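Trainee: Quick mapping for you: the protein sequence lines, in order, are chains L, Z, U and E. No gaps in the numbering here: position 227 of the first sequence is 681 in the numbering used here, and each next residue is one more. No gaps in the numbering here: position 45 of the second sequence is 499 in the numbering used here, and each next residue is one more. No gaps in the numbering here: position 40 of the third sequence is 494 in the numbering used here, and each next residue is one more. No gaps in the numbering here: position 24 of the fourth sequence is 478 in the numbering used here, and each next residue is one more.
Since the hints were derived computationally from the structure, they do not count as laboratory data. Every value quoted in this text rests on a predicted model; they were computed, and no experiment measured them. Check each hint, because a few of them may be wrong.
Which copy is meant is left open, so a pair is good if it fits within one copy or across any two.
[Claimed, not checked] In silico DSS-like cross-links for lysine-lysine, where the CA-CA straight-line distance does not exceed 30 Å: (1) Lys524 <-> Lys471; (2) Lys548 <-> Lys723; (3) Lys524 <-> Lys555; (4) Lys607 <-> Lys644; (5) Lys668 <-> Lys524; (6) Lys668 <-> Lys723; (7) Lys471 <-> Lys548; (8) Lys555 <-> Lys607; (9) Lys524 <-> Lys607; (10) Lys524 <-> Lys604; (11) Lys668 <-> Lys644; (12) Lys668 <-> Lys471; (13) Lys668 <-> Lys736; (14) Lys607 <-> Lys471; (15) Lys555 <-> Lys471; (16) Lys555 <-> Lys723; (17) Lys604 <-> Lys723; (18) Lys604 <-> Lys471; (19) Lys644 <-> Lys548; (20) Lys736 <-> Lys471; (21) Lys723 <-> Lys736.
The residues making up each chain are set out below.
Number of protein chains: 4
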Amino acid sequence: MPNTNTTARLLITCPDKPGIVSAVSSFLYNHGANITDLDQHSTEPEGGTYFMRLEFQTPHLDLSRNVLAKAFEEAVASRYNMNWHISYAADLKKVAILVSKFDHAMLELLWRWSRCTLPCQITSVISNHPDLESDVASFGVPFHVVPVNKDNKAEAEARINELLQGNDLIVLARYMQILSPDLVARWPHKIINIHHSFLPAFVGANPYQQAHDKGVKLIGATAHYVTADLDQGPIIEQDVDRVSHRHDVDILRDLGQDVERNVLARAVKWHLEDRIIVHGNKTIVFN
Amino acid sequence: MPNTNTTARLLITCPDKPGIVSAVSSFLYNHGANITDLDQHSTEPEGGTYFMRLEFQTPHLDLSRNVLAKAFEEAVASRYNMNWHISYAADLKKVAILVSKFDHAMLELLWRWSRCTLPCQITSVISNHPDLESDVASFGVPFHVVPVNKDNKAEAEARINELLQGNDLIVLARYMQILSPDLVARWPHKIINIHHSFLPAFVGANPYQQAHDKGVKLIGATAHYVTADLDQGPIIEQDVDRVSHRHDVDILRDLGQDVERNVLARAVKWHLEDRIIVHGNKTIVFN
Amino acid sequence: MPNTNTTARLLITCPDKPGIVSAVSSFLYNHGANITDLDQHSTEPEGGTYFMRLEFQTPHLDLSRNVLAKAFEEAVASRYNMNWHISYAADLKKVAILVSKFDHAMLELLWRWSRCTLPCQITSVISNHPDLESDVASFGVPFHVVPVNKDNKAEAEARINELLQGNDLIVLARYMQILSPDLVARWPHKIINIHHSFLPAFVGANPYQQAHDKGVKLIGATAHYVTADLDQGPIIEQDVDRVSHRHDVDILRDLGQDVERNVLARAVKWHLEDRIIVHGNKTIVFN
Amino acid sequence: MPNTNTTARLLITCPDKPGIVSAVSSFLYNHGANITDLDQHSTEPEGGTYFMRLEFQTPHLDLSRNVLAKAFEEAVASRYNMNWHISYAADLKKVAILVSKFDHAMLELLWRWSRCTLPCQITSVISNHPDLESDVASFGVPFHVVPVNKDNKAEAEARINELLQGNDLIVLARYMQILSPDLVARWPHKIINIHHSFLPAFVGANPYQQAHDKGVKLIGATAHYVTADLDQGPIIEQDVDRVSHRHDVDILRDLGQDVERNVLARAVKWHLEDRIIVHGNKTIVFN
Numbered sequence: 455m456p457n458t459n460t461t462a463r464l465l466i467t468c469p470d471k472p473g474i475v476s477a478v479s480s481f482l483y484n485h486g487a488n489i490t491d492l493d494q495h496s497t498e499p500e501g502g503t504y505f506m507r508l509e510f511q512t513p514h515l516d517l518s519r520n521v522l523a524k525a526f527e528e529a530v531a532s533r534y535n536m537n538w539h540i541s542y543a544a545d546l547k548k549v550a551i552l553v554s555k556f557d558h559a560m561l562e563l564l565w566r567w568s569r570c571t572l573p574c575q576i577t578s579v580i581s582n583h584p585d586l587e588s589d590v591a592s593f594g595v596p597f598h599v600v601p602v603n604k605d606n607k608a609e610a611e612a613r614i615n616e617l618l619q620g621n622d623l624i625v626l627a628r629y630m631q632i633l634s635p636d637l638v639a640r641w642p643h644k645i646i647n648i649h650h651s652f653l654p655a656f657v658g659a660n661p662y663q664q665a666h667d668k669g670v671k672l673i674g675a676t677a678h679y680v681t682a683d684l685d686q687g688p689i690i691e692q693d694v695d696r697v698s699h700r701h702d703v704d705i706l707r708d709l710g711q712d713v714e715r716n717v718l719a720r721a722v723k724w725h726l727e728d729r730i731i732v733h734g735n736k737t738i739v740f741n
Numbered sequence: 455m456p457n458t459n460t461t462a463r464l465l466i467t468c469p470d471k472p473g474i475v476s477a478v479s480s481f482l483y484n485h486g487a488n489i490t491d492l493d494q495h496s497t498e499p500e501g502g503t504y505f506m507r508l509e510f511q512t513p514h515l516d517l518s519r520n521v522l523a524k525a526f527e528e529a530v531a532s533r534y535n536m537n538w539h540i541s542y543a544a545d546l547k548k549v550a551i552l553v554s555k556f557d558h559a560m561l562e563l564l565w566r567w568s569r570c571t572l573p574c575q576i577t578s579v580i581s582n583h584p585d586l587e588s589d590v591a592s593f594g595v596p597f598h599v600v601p602v603n604k605d606n607k608a609e610a611e612a613r614i615n616e617l618l619q620g621n622d623l624i625v626l627a628r629y630m631q632i633l634s635p636d637l638v639a640r641w642p643h644k645i646i647n648i649h650h651s652f653l654p655a656f657v658g659a660n661p662y663q664q665a666h667d668k669g670v671k672l673i674g675a676t677a678h679y680v681t682a683d684l685d686q687g688p689i690i691e692q693d694v695d696r697v698s699h700r701h702d703v704d705i706l707r708d709l710g711q712d713v714e715r716n717v718l719a720r721a722v723k724w725h726l727e728d729r730i731i732v733h734g735n736k737t738i739v740f741n
Numbered sequence: 455m456p457n458t459n460t461t462a463r464l465l466i467t468c469p470d471k472p473g474i475v476s477a478v479s480s481f482l483y484n485h486g487a488n489i490t491d492l493d494q495h496s497t498e499p500e501g502g503t504y505f506m507r508l509e510f511q512t513p514h515l516d517l518s519r520n521v522l523a524k525a526f527e528e529a530v531a532s533r534y535n536m537n538w539h540i541s542y543a544a545d546l547k548k549v550a551i552l553v554s555k556f557d558h559a560m561l562e563l564l565w566r567w568s569r570c571t572l573p574c575q576i577t578s579v580i581s582n583h584p585d586l587e588s589d590v591a592s593f594g595v596p597f598h599v600v601p602v603n604k605d606n607k608a609e610a611e612a613r614i615n616e617l618l619q620g621n622d623l624i625v626l627a628r629y630m631q632i633l634s635p636d637l638v639a640r641w642p643h644k645i646i647n648i649h650h651s652f653l654p655a656f657v658g659a660n661p662y663q664q665a666h667d668k669g670v671k672l673i674g675a676t677a678h679y680v681t682a683d684l685d686q687g688p689i690i691e692q693d694v695d696r697v698s699h700r701h702d703v704d705i706l707r708d709l710g711q712d713v714e715r716n717v718l719a720r721a722v723k724w725h726l727e728d729r730i731i732v733h734g735n736k737t738i739v740f741n
Numbered sequence: 455m456p457n458t459n460t461t462a463r464l465l466i467t468c469p470d471k472p473g474i475v476s477a478v479s480s481f482l483y484n485h486g487a488n489i490t491d492l493d494q495h496s497t498e499p500e501g502g503t504y505f506m507r508l509e510f511q512t513p514h515l516d517l518s519r520n521v522l523a524k525a526f527e528e529a530v531a532s533r534y535n536m537n538w539h540i541s542y543a544a545d546l547k548k549v550a551i552l553v554s555k556f557d558h559a560m561l562e563l564l565w566r567w568s569r570c571t572l573p574c575q576i577t578s579v580i581s582n583h584p585d586l587e588s589d590v591a592s593f594g595v596p597f598h599v600v601p602v603n604k605d606n607k608a609e610a611e612a613r614i615n616e617l618l619q620g621n622d623l624i625v626l627a628r629y630m631q632i633l634s635p636d637l638v639a640r641w642p643h644k645i646i647n648i649h650h651s652f653l654p655a656f657v658g659a660n661p662y663q664q665a666h667d668k669g670v671k672l673i674g675a676t677a678h679y680v681t682a683d684l685d686q687g688p689i690i691e692q693d694v695d696r697v698s699h700r701h702d703v704d705i706l707r708d709l710g711q712d713v714e715r716n717v718l719a720r721a722v723k724w725h726l727e728d729r730i731i732v733h734g735n736k737t738i739v740f741n
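Sequences are here, hints too, so could you generate the full structure?
Mentor: Printed below as a string of structure tokens:
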């Protein structure tokens with residue numbers, strides 16, 4: 455693994471045309487960047503949308519971050535109509551986790567973070583229940599309880615919104631409340647949810663019960679960005695596990711939770727490493 | 455693998471109560487059967503529905519098939535309200551395959567059959583197109599073309615129905631016509647279809663296009679018994695393969711066809727080995 | 455899931471001959487047991503070794519445990535030369551975990567145990583390093599440090615042996631010391647180890663380095679019973695994950711640890727549920 | 455899928471240093487090539503070996519193939535000490551298949567080739583047994599029988615060598631004879647073998663028997679380039695399937711053959727699409 459303290463990542467979306475790789479890589483090379491990873495994708499052989507992810511090493515850059523950004527915009531991005539973003543691995547993203555009573559997805563994130571395989575700063579865990587307080591405390595992460603009931607929804611969300619300020623990513627690790635379209639709109643492609651089914655199958659409540667009723671032979675989990683449409687946002691990652699007629703709903707839930715936590719952990723890691731570009735209602739995942 | 459020429463299989467469905475295993479196994483033992491496999495399942499710890507599959511060896515049976523059946527009904531089945539069926543592996547089931555233009559699912563079945571890993575007699579392949587005639591001919595299986603268009607539906611189906619007579623199982627190996635509820639009703643739990651999606655996601659036409667539009671990260675296939683509700687019959691087997699933003703619809707189709715043929719082959723094999731019991735809209739698969 | 459407080463399990467190994475199922479199930483039925491699960495296996499169609507696992511419910515048993523055992527031995531087991539064992543789910547097995555510095559396998563077990571999906575009593579964690587003390591403490595489990603170096607091996611093992619007394623199962627959750635043949639011999643088929651490779655590939659030290667040097671495209675993990683032969687005991691469970699040329703040894707280790715913890719957790723669960731029979735150097739796993 | 459008739463692929467191996475992407479992509483852009491895919495890999499963050507695969511479209515190239523190659527060597531490759539190769543998708547590689555009696559691996563290749571998902575020209579099938587003659591004939595591919603016994607080895611191999619002339623790739627689709635080091639040396643990284651185990655486990659004869667004896671819980675298959683060391687050449691692809699104590703060696707073989715044919719088909723496809731670079735005894739697979 456390259457020294458992440460000196461790694462920068464450039465994500466680009468633009469209309470596809472010849473010369474982009476050459477222009478981008480030459481610009482970076484001429485300013486002292488060493489490109490250590492490069493991936494690209496086009497929606498069409500010709501005339502489609504072009505996506506690119508570069509990782510480069512910064513030690514020999516001849517420009518400061520701001521000047522580099524300005525120079526890139528002028529010399530390359532404006533010429534190709536690029537939507538682009540540079541991030542620096544040394545700037546750990548700030549992450550807040552929302553959770554209810556199920557601990558598995560949250561613990562998986564906290565555990566991976568504590569052993570340095572999730573490159574971020576987990577700033578807080580917010581829950582509508584007090585149950586997981588001591589679990590969170592043992593990781594040294596602040597825990598906030600914001601009870602939600604039918605009478606205090608607006609108030610509760612205002613409090614949550616306040617607590618979220620300053621974060622770069624919000625992870626719904628089995629948070630059983632629906633966020634308002636307003637709050638969601640304030641965090642475009644910055645809220646990741648784990649849904650406990652293989653979407654688009656079994657949208658909504660009790661997907662394990664739905665799966666059991668249907669008699670499927672595989673159960674799944676889906677990590678996706680949250681949009682105003684419930685369980686309809688861009689899918690980041692999915693996985694499944696095999697089940698049979700022997701498994702009642704409780705066992706489906708147990709097996710499924712193992713799928714959920716792995717799928718969510720992968721999706722969050724890819725977001726933190728700037729591997730995901732959202733295009734329409736789909737994702738490009740450079741992994 | 456036991457000598458299948460002497461293998462018999464007993465499938466039982468009945469209300470669950472204590473003593474069933476004892477009654478069934480003692481009956482068989484007392485009549486000279488050697489039980490070589492036994493599997494059971496209850497929907498509830500108590501008071502549910504009970505399912506059982508036994509394999510036994512017949513060489514030392516002291517009764518003929520008919521007399522054994524009658525004795526079992528009187529001594530055991532009637533006492534426990536059993537729905538039951540004995541089949542003999544030596545009686546190969548007769549199978550007809552319906553297909554359109556895609557060859558992959560049909561060829562997989564014919565190939566497995568030709569190397570003796572699908573224990574059945576494939577009596578014929580029926581298609582609404584002539585395209586696959588020589589492929590089928592090379593396996594020595596009769597091929598019938600029954601063109602279907604909007605003007606001859608009833609007539610065509612009457613012809614298909616006639617061709618199907620005498621078979622024990624019908625396999626829709628990517629047959630792109632919808633069978634009438636009438637025909638379906640005549641073959642309860644005896645028509646297996648392969649649907650090219652992970653049901654219940656992407657019911658209906660063009661599931662690979664639907665999957666691509668949705669941006670799922672896994673594509674799947676589902677083998678199920680055909681009922682009057684399109685793509686809603688009891689699921690027998692499912693599987694998936696991983697895909698990414700790099701895969702266009704054509705590649706999804708190519709990858710998916712590998713999943714389809716394996717899923718269908720497994721489902722047909724289990725049916726032929728009497729491993730499947732249908733209960734409501736779900737299957738018990740003893741495998 | 456049936457009420458495990460009233461579940462008993464009977465494991466049987468004996469020479470295969472007709473009548474075993476009938477004899478066993480009739481005995482249990484006649485004494486008030488309700489058989490809720492039954493699985494069997496023969497190594498040969500005829501004349502092989504026969505294995506059986508039954509789960510039955512105890513509320514209506516007409517005999518005490520001791521009397522039932524004695525009656526079964528006399529009425530059934532002695533007749534068929536059975537090696538057999540009944541265990542009661544209400545008697546939670548006592549488990550000790552040995553660990554070194556890697557936390558992942560141990561934490562997975564503690565976490566599953568704390569949420570009641572590993573039916574046992576974890577009595578203690580023993581380590582040759584103090585590093586994981588606070589992790590273990592947060593689960594309320596006693597933690598013992600027994601340092602091992604080349605001068606104190608015998609002494610250290612004597613201390614470990616003392617600490618292990620009274621347990622039913624020992625789990626080596628990435629314990630990096632080799633137990634003496636003497637200690638191993640005292641716990642036949644009662645020590646489970648997780649080895650971080652797909653055995654028999656990459657026996658011994660640094661399997662991830664070995665895997666990287668070989669350029670394999672899948673890495674694996676293997677849970678097995680410990681015998682005097684290093685990494686050669688009966689395999690209980692294995693799984694793999696896909697890797698590529700992009701993954702250096704550190705990443706292989708990270709990915710592999712996810713496989714290790716799941717494979718170990720499944721193996722331990724199956725042992726605790728009396729699903730495993732060891733036969734020669736192989737396992738029968740009724741799952 | 456881009457129009458493969460106009461696709462060219464450039465594979466590069468060289469010492470890693472900054473500027474390579476820029477140099478290569480600028481050269482291609484300046485000569486009218488449109489880069490549609492680009493992948494790279496370095497063995498080390500700094501000072502390692504660098505590998506690159508580019509796909510580009512040729513319609514607007516301003517140089518002929520020969521002149522382009524010469525210009526690339528002079529302007530770029532010589533400067534970076536590159537080992538490089540350009541291939542054109544329109545030039546289908548010529549492939550010969552060697553096979554013995556098992557048909558599954560060979561049929562999978564022929565079937566995929568016949569439906570245009572293996573981009574190559576299959577020139578002939580060579581076997582030491584006549585058994586598969588009619589299977590091969592039905593695909594319109596020449597079939598040559600070259601019997602091999604202990605007295606005619608040299609002679610037989612000379613005949614095989616003669617038949618292989620003019621091919622670009624040789625696929626051993628379960629060819630049960632060992633090729634001489636001499637013949638192997640003449641086709642470096644141009645002979646792909648499918649071995650029916652998860653290498654490095656179960657090298658040599660009867661891997662399914664070895665797997666059964668060992669009691670593994672997964673069986674596998676490995677596609678690799680053939681070198682003088684039996685079953686030790688660079689691994690291209692591997693996969694596994696789950697097995698249990700229920701499966702005897704015959705069933706392992708049946709299940710394993712499904713793994714073999716898929717693993718081999720993927721490896722051959724990747725070779726045909728110039729996705730593989732061999733480095734030491736390992737492969738870089740850009741897929």
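Trainee: The structure should be examined with respect to each hint, and the outcome stated for every one.
Mentor: Do the hints match the structure? See the list:
In this assembly of identical chains, the alpha carbons of Lys524 and Lys471 lie at most 30 Å apart whether taken from the same copy (22 Å) or from different copies (26 Å). In this homomeric assembly, Lys548 and Lys723 come within 30 Å of each other (Cα to Cα) only inside a single copy, at 13 Å, whereas the closest approach across copies is 37 Å. Proximity of Lys524 to Lys555 under the C-alpha cut-off of 30 Å is found in neither arrangement, the shortest distances being 46 Å within a copy and 47 Å between copies. For the homomeric pair Lys607 and Lys644, the shortest alpha-carbon distance inside one copy (22 Å) is at most 30 Å, but the shortest distance between copies (53 Å) is not.
In the homo-oligomer, the alpha carbons of Lys668 and Lys524 never lie at most 30 Å apart, since the shortest distance is 55 Å inside one protomer and 36 Å across protomers. In this assembly of identical chains, Lys668 and Lys723 lie within 30 Å of each other by CA distance solely across copies; the values are 22 Å between and 32 Å within a copy. Taking the shortest alpha-carbon separations for Lys471 and Lys548, neither the intra-copy value of 35 Å nor the inter-copy value of 34 Å comes in at or below 30 Å. For the homomeric pair Lys555 and Lys607, the shortest alpha-carbon distance inside one copy (18 Å) is at most 30 Å, but the shortest distance between copies (46 Å) is not.
In this assembly of identical chains, the alpha carbons of Lys524 and Lys607 never lie at most 30 Å apart, being 43 Å within a copy and 64 Å across copies at closest. When the C-alpha separation of Lys524 and Lys604 is checked against a cutoff of 30 Å, the pair qualifies neither within a copy, at 49 Å, nor between copies, at 61 Å. In this assembly of identical chains, the alpha carbons of Lys668 and Lys644 lie at most 30 Å apart only when taken from different copies (20 Å versus 33 Å within one copy). Taking the shortest alpha-carbon separations for Lys668 and Lys471, only the inter-copy value of 26 Å comes in at or below 30 Å, while the best intra-copy value is 47 Å.
In this assembly of identical chains, the alpha carbons of Lys668 and Lys736 lie at most 30 Å apart whether taken from the same copy (27 Å) or from different copies (7 Å). Taking identical chains as interchangeable, the C-alpha atoms of Lys607 and Lys471 are never at most 30 Å apart, the minima being 49 Å within one chain and 50 Å between chains. In the homo-oligomer, the alpha carbons of Lys555 and Lys471 never lie at most 30 Å apart, since the shortest distance is 50 Å inside one protomer and 38 Å across protomers. Proximity of Lys555 and Lys723 under a CA criterion of 30 Å is satisfied in both settings, with 23 Å inside one chain copy and 24 Å between copies.
With identical chains, the CA atoms of Lys604 and Lys723 are never at most 30 Å apart, being 34 Å at best within one copy and 41 Å at best between copies. Taking the shortest alpha-carbon separations for Lys604 and Lys471, neither the intra-copy value of 53 Å nor the inter-copy value of 46 Å comes in at or below 30 Å. For the homomeric pair Lys644 and Lys548, the shortest alpha-carbon distance inside one copy (11 Å) is at most 30 Å, but the shortest distance between copies (45 Å) is not. In the homo-oligomer, the alpha carbons of Lys736 and Lys471 lie at most 30 Å apart inside one protomer (22 Å), although the nearest pairing across protomers, at 35 Å, exceeds that limit.
Both within a single protomer and between protomers do Lys723 and Lys736 lie at most 30 Å apart by alpha-carbon distance, with minima of 18 Å and 28 Å respectively.
In terms of the numbered hints stated before, the structure departs from hints 3, 5, 7, 9, 10, 14, 15, 17 and 18, listed from lowest to highest.
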